[in-house]
Amino acid sequence: MDFFNEKHVEAAKDLLYKMADDQLIIGHRNSEWTGLGPLLEEDIAFSSMAQDKIGQSEHLYNLLHELGEADADTVAFTRNANQFHCSQLVELPIGEYDFSLMRHFLFDMAEAVRFESLTHSGYEGLANIARKFKGEIKYHTMHAHAWVKQLANGNDEGKARMQSSLNEIWPFALGIFEPGQHEDTLKEAGIFEGEESLKGKWLKEVTQLLNACNLQIPTDSKPVFGGRTGNHTPHLQPLLDEMCEVYSIDPSADW
Amino acid sequence: MTETSILEWLQAVKDPEIPTISVVDLGIVTKVSINDDNVEVTLTPTFAGCPALKILEKLVKDRLVEYVGIGNVEVKTNFETTWTTDMISEEGRKALLKHGLAPPKPHPGYLELDVLSDTPCPYCGSRNTELKSPFGPTLCRSLHYCNNCLQAFEGFKPV
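Going line by line, the protein sequences match chains D and G.
The first sequence begins at 1 in our numbering and counts up by one.
The second sequence begins at 1 in our numbering and counts up by one.
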């Protein structure tokens with residue numbers, strides 16, 4: 001990447017790590033619905049989205065590798081919780097289906113906005129990837145829209161459950177947009193437009209659907225920050241232990 | 001050896017998950033460079049999480065090295081070209097049908113769910129079908145049901 005100076009490379013790494021880690025961890029959580037979905041089609045949908053997310057994380061880790069970090073497997077499978085840059089939102093346990101669905105809606109809408117924006121990034125490798133991811137994530141957001149609408153506009157129990165999940169998840173969803181310490185560098189280099197700007201676009205999009213479903217957005221929530229700097233809930237380390245179990249037994253295994 | 005002959009040889013390399021379609025007709029071979037006896041083939045992924053990526057690279061390489069006998073072949077995968085289902089050739093669309101998969105409809109660069117909703121049934125051709133889920137047994141497929149011949153079927157979803 002010869003158009004990067006060293007400061008730009010550090011800033012790009014920071015951005016890539018948080019996106020890749022978000023994708024890997026939400027992918028792992030989504031995969032926990034495999035075999036347990038409330039309907040066969042939902043089981044398949046969450047499993048497919050898990051596969052998309054984990055595949056996407058690998059390509060982001062590959063970009064990091066090009067910038068001098070270790071290879072994708074090493075980065076994904078050998079770090080502890082405090083070395084992960086994912087938002088706390090993605091590491092929360094799957095809970096009941098309404099919880100997972102609401103998280104999926106808020107998170108995937110954020111990704112849709114993020115990758116749309118990154119298609120215009122001056123970092124060409126990232127822009128190329130973003131163009132591809134954007135098309136895949138479109139299916140995720142269509143899926144989320146369809147089900148949030150269906151459940152929130154269904155019977156009283158559905159509406160109450162969706163509202164209760166929204167209340168619980170909202171502060172964590174705001175935490176996706178925790179400003180990074182390299183934001184100015186990223187903006188100056190034309191790599192990324194910044195979290196605050198993305199948050200504005202995301203709010204507009206999610207408010208539209210939540211309003212259409214008569215769900216109330218909590219007004220006095222403070223964002224839950226910390227994930228981007230390695231401060232996590234107690235739920236992340238057990239997830240990593242499980243995810244890395246096979247790799248830890250024999251890192252040299254070929255499969 | 002020309003770009004055309006390389007593409008002809010690669011017609012024999014089929015998608016491991018849809019063995020009726022070749023990598024060329026699927027549209028994932030995006031570049032062939034020939035420099036003396038060195039050949040470089042660039043592939044682009046259909047879906048970022050497609051588990052067949054590594055296998056495809058190997059199949060393409062093996063075909064050119066072992067069958068054609070080219071000494072130095074490099075196969076790489078990148079996102080310089082964004083694959084879309086509009087890159088599937090006419091032959092490729094027929095090949096999907098042969099495998100019982102409804103071919104993807106062309107789309108104008110953006111997707112709405114209704115692009116999937118009236119997919120013609122690959123068995124009886126009826127348009128009286130419904131979308132069951134945009135997610136199927138592989139990342140590239142959606143699930144549908146035909147109200148005419150009463151069979152479930154899969155479609156290759158537009159991206």
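Keep in mind the hints are simulated off the structure, nothing from the lab.
Cβ coordinates follow ideal geometry from the N, Cα and C atoms, glycine included.
Keep in mind that the hints are not guaranteed to be accurate.
What the hints assert, rightly or not - A short, non-exhaustive set of chain G residues, derived as facing chain D with CB atoms under 7 Å:
hint, residue
1, 48
2, 49
3, 52
4, 79
5, 82
6, 123
7, 130
8, 131
9, 132
10, 133
11, 139
Hint check results:
| no. | hint | result |
| --- | --- | --- |
| 1 | 48 | holds (4 Å) |
| 2 | 49 | holds (2 Å) |
| 3 | 52 | violated (11 Å) |
| 4 | 79 | holds (4 Å) |
| 5 | 82 | holds (5 Å) |
| 6 | 123 | violated (20 Å) |
| 7 | 130 | violated (12 Å) |
| 8 | 131 | violated (10 Å) |
| 9 | 132 | holds (6 Å) |
| 10 | 133 | holds (4 Å) |
| 11 | 139 | holds (6 Å) |
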